[in-house]
Structures are given as C-alpha cells and as structure tokens.
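In order, the protein sequence lines correspond to chains A and B.
At position 210 of the first sequence the residue is numbered 209 (numbering that gives the first Met the number 0), and the sequence of numbers has no breaks.
At position 276 of the second sequence the residue is numbered 275 (numbering that gives the first Met the number 0), and the sequence of numbers has no breaks.
Just to be clear, a hint being listed does not mean it is correct.
As the list claims (entries may be wrong) - Which bits of chain B does chain A cover? Going by a derived footprint, with three or more residues having C-beta under 8 Å, they are:
{"hint": "1", "segment": "64-76"}
{"hint": "2", "segment": "93-102"}
{"hint": "3", "segment": "106-113"}
{"hint": "4", "segment": "117-128"}
{"hint": "5", "segment": "143-151"}
Said to hold, decoys possible - Between beta-carbon pairs, the in silico distance windows are:
{"hint": "6", "chain 1": "A", "residue 1": "GLU237", "chain 2": "B", "residue 2": "SER183", "range": "42 to 48 Å"}
{"hint": "7", "chain 1": "A", "residue 1": "ILE225", "chain 2": "B", "residue 2": "GLU124", "range": "38 to 44 Å"}
{"hint": "8", "chain 1": "A", "residue 1": "ILE225", "chain 2": "B", "residue 2": "GLN171", "range": "39 to 45 Å"}
If you're looking for bench data, these hints aren't it; they were derived computationally from the structure.
Cβ atoms here follow ideal geometry from the backbone N, Cα and C, with glycine treated the same way.
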Amino acid sequence: MLKQMDGSDAVAEAVGLCRPEVIASYPITPQTHIVEALGSRVKKGTLGNCQFLNVESEFGAISTCIGSSAAGARTYTATSSQGMLFMMEGVYNASGLGLPIVMTVGNRAIGAPINIWNDWGDSMAARDAGWIQLFAETNQEAIDVHIQAFKLAEELSVPVMVCMDGFILTHAYARVDIPDQEQVDEFLPPFQPRQSLDPSAPISMGAMVGPEAFTEVRFLAHHKQIEALDLIPQQAAEFEKIFGRDSGGLVKSHDCEDKETVVVTMGSVIGTMKDVLADMRDDGHSIGGLTIRSYRPFPSEVLRQKLKTAKRVIVFEKSFALGMGGILAMNMRMALQDLPVKVHSVIGGLGGRPITRENLRRMFEKGMRDELEEPHLHDINMDVVNRELEREKAERRSGSIAENILQDVGVVAAAKGI
Amino acid sequence: MVDQVPETKQKVKFYQTGTFTVGNRLLDGEQRSVQATIDRSNSLDSGHRACQGCGEALGARFAIDAVMRATNNQMIAANATGCLEVFTTPYPETAWSVPWIHSLFGNAAAVGSGIAAAMKAKGREDVRVIAQGGDGGTTDIGFGCLSGMFDRNDDVLYLCYNNQGYMNTGVQRSSATPGAARTSTTMPVGPEPGNPFTVGKNVPLIAMGHQIPYVATASVSDLHDLEHKVTKAMSFRGARYLEIFVPCPLGWGSKTCDTIKLARMAVETGMYPLFEAEHGEITGATKIRNRRPVDEYLKLQRRFAHVFKKGNEHQLETLQSIADRNIKKFGLMDSEGADQ
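Whole structure, please, built from the sequences with the hints as guidance.
Here is the structure:
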C-alpha cells in the first residue's frame with residue numbers, strides 16, 4: 000500500500016510486519032522515532048504478544064536482545080552514534096554467540112565534539128564485529144532491506160545491521176510502498192533458531208574457548224559472512240519475485256558499465272550523485288556510479304567484475320580513519336589490488352556537512368584529472384584549518400579547537416555579510 | 000521431577016549418604032536439607048574446576064537446585080563472567096545440566112530480562128529465569144543492568160555470590176570488599192593499610208530501594224535457610240534479589256576447611272546480616288544466637304592480618320563498630336531491638 004511517511008515510521012511498519020517477539024528500546028537521535036513508533040504499536044496490541052522493553056542504556060538494549068534471541072525469540076533494536084559505541088561489547092558478543100538480532104543504525108557522527116548529524120562513524124566502528132551490514136539508499140530500500148535482514152540473519156544465525164543515513168532518511172517524508180502482511184509472511188517464515196535455551200533440551204551457551212580452538216571459531220564466523228555473499232543476492236531475487244521490486248543485493252550499478260571513471264559509495268548520497276553523473280554523461284564524460292549495499296560481507300569479487308574496465312574509481316565515504324584515511328577506500332583498494340585501476344579516496348559529509356550537486360561536480364572533475372590529494376576531504380575549508388594550526392603554534396593553551404573554529408567561521412561569515 | 004532430568008545426565012548421583020549436621024537433626028525429616036537424593040537435580044554437576052573450599056560452588060549448587068525444585072525443572076540461567084562461569088564451562092566441558100548462557104561480565108541481569116521477555120512473548124511463563132554473578136559482576140560492572148531489571152520489575156531472580164572481591168582476575172577490590180581488607184589493589188601498606196573505609200555499596204539495601212517484591216541475604220553456613228529463601232523468592236513474580244555470602248579461601252587467605260566456619264562467623268559477628276525484605280520493607284532478620292567479636296572472624300583470614308599489628312588497632316575498632324551498627328540496624332540481637 001502506498002503511504003506518505005517518514006523513514007523512521009516506515010521502518011517501524013516494516014519491522015512490525017516481520018512479527019518481532021521482543022524489542023529493546025533506548026532513545027538516541029536520530030533512530031528514536033523508530034522505537035517510539037514500534038512502542039505504540041505494541042501498546043495498541045497490533046503486534047500480538049510482542050514484548051517491548053524500555054531499557055536503561057544501549058548496553059542494556061543489546062544485552063536484553065542477546066537474552067531474548069538466545070531464548071528463541073525474533074528480536075529487534077535500533078541505535079545510533081554514541082549508543083552504538085556504548086553497546087559495542089554486546090555487539091561483538093551477539094555475533095560471537097551467533098544470535099540473529101536485527102538492528103537498525105540511524106547513522107550519526109561520533110563525538111567529541113558532540114554532533115547529532117549524519118555520517119557513518121558509528122556503524123564503521125562496528126565493521127569488524129561479525130555483523131552483516133546492509134546500507135539503504137532510500138526509505139523504500141530501508142523497508143525492503145529490513146524484511147530481508149530478518150530472513151538472512153535467521154538463515155545464517157548471524158546478526159544484521161541495517162544502516163540508514165540519520166535524518167537524511169530517518170526524518171525524510173517520502174512515498175513508500177508498505178508490503179502486505181501476506182507477502183511478508185510468504186517471504187519470511189517463523190523463526191526456527193539453530194539453537195536456543197530450552198529446559199527440555201538444556202545447552203550451555205557462551206563457554207570459554209582457548210587457543211586450541213579460537214582460530215577455527217573465528218574463521219567459521221568469517222565463513223558465515225562469505226556464505227552471505229551468495230545468500231544476499233538469492234534472497235533479493237526471491238524478494239523481487241514476491242514484492243516486485245529490486246531491493247537489496249550486494250551492489251547496485253548506476254550506469255557504471257564500461258565507464259572510465261566510476262564513483263563508488265554507499266547509502267543515500269547516491270541520490271544527489273546520480274543527477275550529477277547523468278549531467279556529466281550528457282556533457283560527454285565517461286562516468287558512472289556504483290553503490291555498495293552490503294558493506295559486510297564486502298563483495299570484493301562482484302566489485303572486481305563491475306570495475307575491471309574502469310580506469311579510475313572515486314570512493315566517496317562519510318567515514319574517516321584518523322591517522323590513515325578513507326575506510327571504504329582501504330577496502331576498495333584491497334578488493335581491486337590486482338586491477339590496473341587508480342583508487343581515489345574522498346571523505347565528505349562528516350557530521351552532516353551538506354553534499355551539493357555543485358561541490359560534487361567540482362570534485363568529480365578534479366578526480367577525472369587525477370588531481371585529488373590523498374585523502375581528499377570534500378568541501379573542507381583549509382583557511383579555517385590553517386588559522387587554527389597557527390593559533391596552536393603561537394600559544395600552547397590556545398583553547399578548544401571546536402570553539403575556535405566556530406568563532407572563526409562566525410567572524411568570517413559576519414565579515415562577509417553572509 | 001526425576002523424569003525432567005535430561006537423559007544424557009546421570010539421574011542419581013550420591014555425594015554422600017544422608018546428612019546429619021546439627022541443624023538437620025533438630026528438624027523433622029521432611030524439613031531437613033538433603034544433599035543427596037534421587038530427586039535432586041544436580042544442576043551444577045560434579046567435576047567442575049572450582050578451588051577446594053569454594054563457597055560459591057556450594058552456594059550456586061544449592062541455590063540452583065532449589066530453583067529447579069520450585070519450578071519443576073523449568074528454568075533458564077544467565078551467568079555473568081567470573082569464577083562461576085570459568086570453572087563450570089571450560090569448552091568443550093560444562094558442569095551445567097540446565098539451559099545456561101554466559102554473555103558478558105556486566106550484563107547478566109539484562110540477558111535474564113531478555114530471556115524472560117522471550118518466554119512471555121511465547122506464552123511460556125512457566126519457564127522461570129535466574130541471572131547470577133559474583134559481587135564484581137553485580138555491584139560494579141553489572142550494576143546498571145541490574146538496576147534496570149529491578150526498575151522494570153522483570154520476572155528474574157538475580158543471585159549474587161558475594162565473596163567480596165574480583166577473585167577470578169586475582170583478588171582485586173570491588174565495591175563489596177570490606178574496609179581494611181587486603182586485595183591486589185588495596186595492599187596492606189602505608190598509614191591506612193588495606194581497603195579504605197569508604198561507604199561501599201550495600202546492594203541488598205539498594206535493591207530494596209527499587210521496591211522490588213523480594214530481597215534477601217543468605218550465607219552458605221546455613222544451606223537450609225538459603226534453600227528456604229530461594230524457594231520463597233520463586234513464589235513471587237517480578238524482580239527478586241538474593242545475595243549469598245560465599246567465602247573464598249584463595250582471595251581471603253583462609254584455610255579451605257574454614258569456609259563454612261567463616262560463613263557462619265560473618266553472620267554471628269554481625270559483619271554479614273541475614274535478612275529478608277518484601278516490596279522495600281524488611282520483613283525479618285536472622286537473630287544471632289552466639290555473638291562473637293569480629294577479631295575471631297578476622298584472625299582466620301590473612302587479608303586482615305595487618306589489623307592485628309601494632310598501630311592498626313583503630314582498624315580493628317572500626318570493623319567492630321561496623322558489626323555493632325549492623326546488629327543495631329537490623330535488630331540481630333534480642334537485646335538490640337524489637338524482633339522484626
């Protein structure tokens with residue numbers, strides 16, 4: 000059914016259709032509206048016997064999820080930013096225990112300085128935690144990927160994060176097609192756990208494993224991710240058959256075939272990029288786009304196939320490994336290491352910095368001339384940076400960097416009469 | 000009950016043939032604590048790797064078996080990281096014959112909440128949930144999750160095995176470590192040797208502050224009382240907290256044969272008051288029959304050796320005053336207040 004709603008409400012609809020049995024809720028912007036919406040559905044009784052727990056922290060949220068999933072209940076929670084970091088010990092633990100929890104990440108920057116707006120610092124911090132990480136481009140895709148996430152998680156007995164850009168998707172009103180309950184039931188069978196805590200067949204979960212077996216256990220966790228490389232496209236095809244939409248999968252091409260330059264990114268930013276790339280193609284440039292929908296597992300082989308004829312790849316990401324550079328770019332370089340392709344690393348949109356058609360086009364053109372520095376900080380104001388570096392050089396106690404920059408930007412803006 | 004025991008487990012296991020401890024002989028046959036019987040579930044099986052004289056292993060075995068009896072064997076356990084977890088489940092062995100999960104150090108209460116929610120969602124509220132951990136996993140790192148579980152009144156019995164320190168990691172101070180005690184992080188050096196006399200955390204009283212249905216303290220010196228309190232706890236729905244005093248020979252520097260003696264002396268000196276509370280109100284406390292001075296209790300433990308050295312008399316006096324205050328506060332002597 001077509002509806003006009005914000006991304007959070009749409010995700011709550013989708014999760015509700017998946018018949019969750021336990022939901023842990025803790026507020027953190029920008030995912031809060033999702034658990035609020037689910038809470039009111041549970042209270043109204045529209046989600047049957049689903050239990051909604053108002054927990055005391057994100058660590059409590061993931062921990063209750065671990066308990067309920069281990070006891071065989073279909074389990075859901077959502078988080079963002081600091082919340083993701085606060086639950087991190089449980090995030091690793093859930094995957095180690097092989098618990099098919101589904102968690103939405105409303106992607107948001109990590110502080111300090113505290114910042115509520117979108118980038119991928121939170122889910123990137125959990126990229127090696129053994130969770131599958133799927134990125135949504137639109138609210139429709141967020142709906143569809145959540146439904147696929149439960150099936151994927153439960154088939155492999157591995158937790159799945161659905162990552163959606165905070166505010167840009169979670170708070171954006173858009174027309175979405177909400178699936179019917181019958182369709183979802185056809186696609187997603189009831190949860191049959193591989194193992195669960197059951198008094199009629201007692202097991203011990205979470206035993207200590209020493210050096211004699213830890214390597215093999217970790218490899219098998221990696222192997223589950225590799226299995227997901229086959230399963231994700233299979234389930235996307237099955238989804239398309241029932242719902243009539245191409246949603247999910249490992250990657251999505253936006254006219255990247257046989258192009259000299261291919262922009263690779265994830266999440267919602269491709270929406271703006273698609274227009275820029277189309278304009279540039281109209282102007283005669285050989286340039287296309289490719290989005291990675293499954294960041295973990297990383298679809299290296301598919302990327303090699305898609306990019307084998309490209310001359311250069313511009314990796315655009317909203318994540319920054321301090322002291323190193325672009326995280327997605329590092330992954331891309333590893334995947335493409337045997338191909339004769341130049342990989343540019345561009346980091347942008349940090350802490351919600353607007354990404355516009357104009358600044359994208361300038362950056363793409365620079366990339367096509369192979370003039371991007373490594374890494375390239377998109378839309379950075381180096382004058383502001385340099386003035387702060389000078390202040391720090393001149394005076395040891397030069398004050399808070401964040402405050403100095405804000406004052407600097409404010410003064411400059413006032414002087415320019417902006 | 001016997002039929003409920005998994006077939007893979009030995010159904011009958013005799014630890015010793017009958018018990019004739021003093022307390023037992025004073026009771027009617029059916030009221031006695033029985034260590035070995037064909038009906039006993041042996042949820043925490045023999046062959047685990049606890050140290051000789053471990054109070055925690057004893058407390059856990061009696062507590063869990065009592066839960067099994069109270070629930071007709073329909074129970075699930077969540078366990079915090081710590082000695083109990085490590086000595087019972089070195090992969091691929093397990094000493095548990097109940098469904099059991101270890102997740103993390105600081106989240107046993109929340110994992111318990113999650114299991115209870117799953118059982119509710121599935122209409123299996125006959126399956127009851129316990130969460131358990133040592134004092135470090137309870138009073139320190141697991142405190143947020145514990146308080147959250149209390150606050151929501153989730154249907155979980157939390158069992159804290161209090162041995163007054165982080166014994167699994169090598170005897171460090173926890174917020175349940177008593178004043179003056181030597182631990183690896185409160186060494187008996189300097190002008191105030193051992194653990195400082197800070198307020199510490201009295202989690203049973205804090206649990207009462209949450210107005211949860213049932214809070215109690217017990218000691219492995221009185222297993223009959225421990226079983227009674229577990230059974231009583233299981234008669235309530237909602238959040239319940241039972242703290243069990245479990246001496247640790249390794250951490251306390253005591254003889255392994257003195258575990259029960261120390262557990263009893265902690266009660267009889269007033270250092271560890273035994274009481275019960277319902278919905279935030281104390282409903283009863285165990286009276287001390289033979290009150291003893293604290294030095295008799297402390298002398299048996301090397302962790303307090305320095306309080307008997309010249310110049311540290313004030314530490315001994317402070318410890319005695321803590322015991323005196325407990326006796327007054329909880330009315331542990333008939334002469335010290337009304338029978339509660």
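**Request:** Establish whether the coverage given for the segment 143-151 of chain B by chain A is satisfied; the threshold is a Cβ-Cβ distance below 8 Å, and no fewer than three residues must meet it.
**Result:** holds (count 6)
**Item:** 42 to 48 Å as the expected CB spacing between B:SER183 and A:GLU237, which holds or is violated
**Value:** This hint is violated: roughly 57 Å between Cβ atoms.
**chain A covers the segment 106-113 of chain B, three or more CB atoms within 8 Å, holds or violated** = It holds: at least three residues are needed, and the segment 106-113 of chain B offers 6 whose Cβ sits within less than 8 Å of chain A.
**Prompt:** Does the Cβ-Cβ separation between A:ILE225 and B:GLU124 fall within 38 to 44 Å?
**Reply:** Given about 40 Å between the Cβ atoms, the range holds.
**Prompt:** Do A:ILE225 and B:GLN171 keep their Cβ atoms within the hinted range of 39 to 45 Å?
**Reply:** Since the Cβ atoms of A:ILE225 and B:GLN171 sit about 41 Å apart, the hinted range of 39 to 45 Å holds.
**Message:** Under 8 Å between beta-carbons, do enough residues of the segment 117-128 of chain B, three at least, approach chain A for the coverage claim to hold?
**Reply:** holds (count 7)
**Message:** Is the coverage entry for the segment 64-76 of chain B by chain A consistent with the three-residue Cβ rule at 8 Å?
**Reply:** Contact hint for the segment 64-76 of chain B vs chain A: holds, 4 residues under 8 Å.
**Asked** Are three or more residues of the segment 93-102 of chain B within 8 Å, CB to CB, of chain A?
**Response** Answer holds; 9 residues pass the 8 Å Cβ test.
Consistency with the previously given hints fails for number 6 only.
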